[in-house]
Amino acid sequence: MIQSVAIDWNVIAPVVVLVATGLLVLVVDLLSRSAPRQLLYGIGIVGSLAAFAAMLPLRGQELTTFGGAFASDSFSWPFDVLLLLTLTISLALSCLGKAEDGANPGAYAALLIFCTIGGLILAGATTLIGIFLGLEELSLALYVLAGTGYPRRSSQEAALKYVLLGSLASGFLIFGMALLYGSAGSISLAAMSHAAYAGGPLFIGGFALFLVGVAFKLALAPFHLWTPDVYEGSPLAVTAFMAVAVKAAMFAVLARFAYVVFGHDASALVPLWILAILSMIVGNVGAIRQTNLKRLLAFSGIAQAGYLVLALAGVGRGGVATLVFYLAAYAFMNLGAFAVIALIGNGDELHADLSAYRGLAFRRPMVAALMMLFFLSLAGIPATAGFIGKVLLLGQAMGAGPWGVAMAVALIVGTLVSFYVYFQVIWQMFAPADAEAVASDGNAAVSWVAVAAGAVGVLLLGIVPQLLLAHL
Amino acid sequence: MLFSPWATVAIFFVVAVVVALLISAVPGIFTSKRPNRAKSEAYECGVPPTSAMIGRFPVRFYLVAMLFVIFDVEAASFYPWAVRLRDLGAFGLMEMVTFIVVLGVGYAYVWKKGGFSWR
Amino acid sequence: MPQVPLADYLILATVLFVIGLVGFLVRRNPITMLMAIELMWNAGNLVFAAFARNFGDMTGQVFVFIVITVAAAEAAISLAIVVMVFRHREDVDVDDISVMRG
Numbered sequence: 001m002i003q004s005v006a007i008d009w010n011v012i013a014p015v016v017v018l019v020a021t022g023l024l025v026l027v028v029d030l031l032s033r034s035a036p037r038q039l040l041y042g043i044g045i046v047g048s049l050a051a052f053a054a055m056l057p058l059r060g061q062e063l064t065t066f067g068g069a070f071a072s073d074s075f076s077w078p079f080d081v082l083l084l085l086t087l088t089i090s091l092a093l094s095c096l097g098k099a100e101d102g103a104n105p106g107a108y109a110a111l112l113i114f115c116t117i118g119g120l121i122l123a124g125a126t127t128l129i130g131i132f133l134g135l136e137e138l139s140l141a142l143y144v145l146a147g148t149g150y151p152r153r154s155s156q157e158a159a160l161k162y163v164l165l166g167s168l169a170s171g172f173l174i175f176g177m178a179l180l181y182g183s184a185g186s187i188s189l190a191a192m193s194h195a196a197y198a199g200g201p202l203f204i205g206g207f208a209l210f211l212v213g214v215a216f217k218l219a220l221a222p223f224h225l226w227t228p229d230v231y232e233g234s235p236l237a238v239t240a241f242m243a244v245a246v247k248a249a250m251f252a253v254l255a256r257f258a259y260v261v262f263g264h265d266a267s268a269l270v271p272l273w274i275l276a277i278l279s280m281i282v283g284n285v286g287a288i289r290q291t292n293l294k295r296l297l298a299f300s301g302i303a304q305a306g307y308l309v310l311a312l313a314g315v316g317r318g319g320v321a322t323l324v325f326y327l328a329a330y331a332f333m334n335l336g337a338f339a340v341i342a343l344i345g346n347g348d349e350l351h352a353d354l355s356a357y358r359g360l361a362f363r364r365p366m367v368a369a370l371m372m373l374f375f376l377s378l379a380g381i382p383a384t385a386g387f388i389g390k391v392l393l394l395g396q397a398m399g400a401g402p403w404g405v406a407m408a409v410a411l412i413v414g415t416l417v418s419f420y421v422y423f424q425v426i427w428q429m430f431a432p433a434d435a436e437a438v439a440s441d442g443n444a445a446v447s448w449v450a451v452a453a454g455a456v457g458v459l460l461l462g463i464v465p466q467l468l469l470a471h472l
Numbered sequence: 001m002l003f004s005p006w007a008t009v010a011i012f013f014v015v016a017v018v019v020a021l022l023i024s025a026v027p028g029i030f031t032s033k034r035p036n037r038a039k040s041e042a043y044e045c046g047v048p049p050t051s052a053m054i055g056r057f058p059v060r061f062y063l064v065a066m067l068f069v070i071f072d073v074e075a076a077s078f079y080p081w082a083v084r085l086r087d088l089g090a091f092g093l094m095e096m097v098t099f100i101v102v103l104g105v106g107y108a109y110v111w112k113k114g115g116f117s118w119r
Numbered sequence: 001m002p003q004v005p006l007a008d009y010l011i012l013a014t015v016l017f018v019i020g021l022v023g024f025l026v027r028r029n030p031i032t033m034l035m036a037i038e039l040m041w042n043a044g045n046l047v048f049a050a051f052a053r054n055f056g057d058m059t060g061q062v063f064v065f066i067v068i069t070v071a072a073a074e075a076a077i078s079l080a081i082v083v084m085v086f087r088h089r090e091d092v093d094v095d096d097i098s099v100m101r102g
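Chains as they are written, first to last, in our numbering: chain A, 1 to 472; chain B, 1 to 119; chain C, 1 to 102.
For reference, chain A alone in the conformation it holds in the complex:
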């Protein structure tokens, strides 16, 4: 009894475009003896923009295909845009002269593109199979990408740690999914909401294991231990991608799960609120003593993941809009900060070290000002995207009962601690330069475009947030 499977090609058009792009990159790399890597990354960027174009007609529509297993709706759309933005900027930063790509640009670009496809599948998945496949496509490609800086020992370490702990997380996820399937009798999230209503040990156990797996991938404390090492070891453009794309895709899953399965009653989500509070503490405190910007941004990312959970507090109205707004702000300020690191060092890894920024305000005032903007936004200073995002998050949390208030308090305390962290970086830029300061004279146009994109995003969302909020 085979039901005919009708595929709505419009719905999966962005994915199809990206798949074709990834294959094209591989074929071009095969056929041309010595294609410059900028050409391959350029094809990737064009493909990413084409996928974005394919998404435009889907905006505001509620469509599903593959028998309802894959959706393109108001829920997945903003996450997809963020994923494509991240892909574009990561590919742009990979073009820089000293950017690491494992001497294999074709495979590198294709893997970044396949990662993004995994993210798109995650954002649109409405069944456990979709979530699993999307997550694994995203993760497997990232394991390899983490190791593309492999002559460096730290990159080898990053790949090994990531693959071991990532697979462990997948183990929890699969077992959790199996129990969820057992409790609901179906793998669709919609069917799971009945199981959630009924409760029962199978559902509770399954959800707990599922949550452990998701928290691992999201780097929520106490499952964050891999994050600083993996962020530090991976090549710069990959770290930028990891920091933004993985969070965007995983939050799409978490939010869809929360709203579809727990839409009627969020009381079972208390473990998630506890993880969020822990993350805010661990992330902000852990960032204090870091002297490597990638590590610092990793701890910052742990804390920001905690903040982002606030958007789901109580699974209330407007939660997804808040989540998307803060994710967009997070994407702009993080990609901006990574773009600055790539800009001044022409993509090398030396400029991830905090000491490289001593006296930057005197050597490169314009760059230092932009870096300051991104860090002020991370700290949540008014007139930046981070501030508006935190205000929205607080509003969301305050209306969500005692746990919401607890998270709001954690956010405020965490923000106060994080001022110290972020102002330390800004302070470094105004400190007198050492005699042996590294030359920070990178000036590539492509990285300027990435920095400018981040700066415009941070300022626009900070000053006229209605631009985005009106559409959410």
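Bear in mind the hints are in silico, worked out from the structure with no lab data behind them.
For each residue, glycine too, the CB sits at the ideal point set by N, CA and C.
A hint or two may mislead.
Said to hold, decoys possible - Partial list, derived from the structure: chain A residues whose beta carbon lies under 7 Å from chain B:
1. L23
2. L26
3. L30
For chain A, the structure is supplied; the task is to place chains B and C on it using the hints.
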């Protein structure tokens, strides 16, 4: 029912262990031991051993094993498709063509980059 | 032959999962750790297959099939990474791999 249905499994298990132990123990009791050099060498199907027995395998064996596993699993996904080939019709054919094209590009890439060479 | 009750499958799968988890935590050789992880994945597979049989529903079996496919890809990638690390040093032990403060 006198016995639990699992009793047969338990009996089988006990018999298996006892027989295995007996077979290993009995020859040790009744045989005489006259070891010589040829007897105590490692058994390599009659061919004189060429290298030390305790050694590491070169990593390229692992590469071959990995390639086998990957293509084995790829091939496994053909079976369910082949069983329902007639019912799936043109849609199924198109799906499989897509699958093979994606696989083929990856295969060509690995081949060209020297992933299959014995080095 | 009577059917094995569902609960027995769940108990066996849980035991396998815990063995895998403990193996991952106590071993320090990445290959062994990956084997332990594979055990955890397959514990999940067993639960899927058990429920699929219990429900008379193919979805669980399809899921198992997909997990096995992904597990093969995951094994290939993780072992390739172990080989890459191995080629750059004498021995692979996760405790020795600590250029970075972890």
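**Q.** Violations among the numbered hints, reported as their numbers in ascending order
**A.** none
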